[in-house]
Amino acid sequence: EAEVAQSPRYKITEKSQAVAFWCDPISGHATLYWYRQILGQGPELLVQFQDESVVDDSQLPKDRFSAERLKGVDSTLKIQPAELGDSAMYLCASSLTGLAGDKETQYFGPGTRLLVL
Amino acid sequence: LAKTTQPISMDSYEGQEVNITCSHNNIATNDYITWYQQFPSQGPRFIIQGYKTKVTNEVASLFIPADRKSSTLSLPRVSLSDTAVYYCLVTTLTFGKGTMLLVSP
Chain L
1 EAEVAQSPRY KITEKSQAVA FWCDPISGHA TLYWYRQILG QGPELLVQFQ
51 DESVVDDSQL PKDRFSAERL KGVDSTLKIQ PAELGDSAMY LCASSLTGLA
101 GDKETQYFGP GTRLLVL
Chain S
1001 LAKTTQPISM DSYEGQEVNI TCSHNNIATN DYITWYQQFP SQGPRFIIQG
1051 YKTKVTNEVA SLFIPADRKS STLSLPRVSL SDTAVYYCLV TTLTFGKGTM
1101 LLVSP
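In order, the protein sequence lines correspond to chains L and S.
Here the first sequence is numbered in the numbering used here, starting from 1 and rising by one per residue.
Here the second sequence is numbered in the numbering used here, starting from 1001 and rising by one per residue.
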């Protein structure tokens, strides 16, 4: 069964450093999502891509976070500089078209757990 | 956006049926109801989705009353491996805090 791949699985960094996370969605999936999940909370959407275009980044802290999906396939989420409050699980998900709205299933990767010291 | 309300936690024993109810009073006409399951240190996994009445798959059943203001996820004969957090979504991209289900021997 095809899966969403993420790396690294774990990342420890010091505050003020830069970190980057990588996601490879299921082949053929046009829509890619990045979520942040704080311990004890549900995932919170940071950014949504439709192919290489950003559809929604309203919850992305743009002063320090950036995301790209240059060729419309894999994606990178970057934080610079990292802050203590960024410690969380960063989840990537993909869906086939992103055009079916609520009806379309999202497939999640295993996540990257970030700890900022 | 429609907001969902679920119990924070539930306890059960192996072999029992578990019903988790989600309230979504402001559901829109074109909204679907989707449930995800999440184990620790893993991403959420799709369980079931419905629009109205009843939907059943190999894992669970989803009951939706006519007014669609709530829904109930039913897990038949749970096992220890069903211990997880269960999320009810009305708007696909909005997760709440979920329900932590603990299944004991």
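No lab work stands behind these hints, which were simulated from the structure alone.
Warning: the hint list may mix true and false statements.
Straight-line distance between alpha carbons at most 20 Å, and here's what the computed EDC-like set of lysine to aspartate or glutamate pairs gives [to be verified]:
hint: 1; chain 1: S; residue 1: LYS1052; chain 2: S; residue 2: ASP1067
hint: 2; chain 1: L; residue 1: LYS103; chain 2: S; residue 2: GLU1058
hint: 3; chain 1: S; residue 1: LYS1003; chain 2: L; residue 2: GLU104
One-sided excerpt, in silico: chain L residues whose CB lies under 7 Å from chain S [claimed, not checked]:
hint: 4; residue: GLY85
hint: 5; residue: THR105
hint: 6; residue: PHE108
Output of the computed footprint for chain S on chain L, the stretches with three or more beta carbons under 8 Å from beta carbons of chain S [what the hints assert, rightly or not]:
hint: 7; region: 18-29
hint: 8; region: 68-74
For every residue, glycine included, the Cβ atom is placed at its ideal position computed from N, Cα and C.
Hints versus structure:
{"no.": "1", "hint": "LYS1052/S to ASP1067/S", "in the structure": "9 Å, holds"}
{"no.": "2", "hint": "LYS103/L to GLU1058/S", "in the structure": "19 Å, holds"}
{"no.": "3", "hint": "LYS1003/S to GLU104/L", "in the structure": "19 Å, holds"}
{"no.": "4", "hint": "GLY85", "in the structure": "18 Å, violated"}
{"no.": "5", "hint": "THR105", "in the structure": "5 Å, holds"}
{"no.": "6", "hint": "PHE108", "in the structure": "3 Å, holds"}
{"no.": "7", "hint": "18-29", "in the structure": "violated (count 0)"}
{"no.": "8", "hint": "68-74", "in the structure": "violated (count 0)"}
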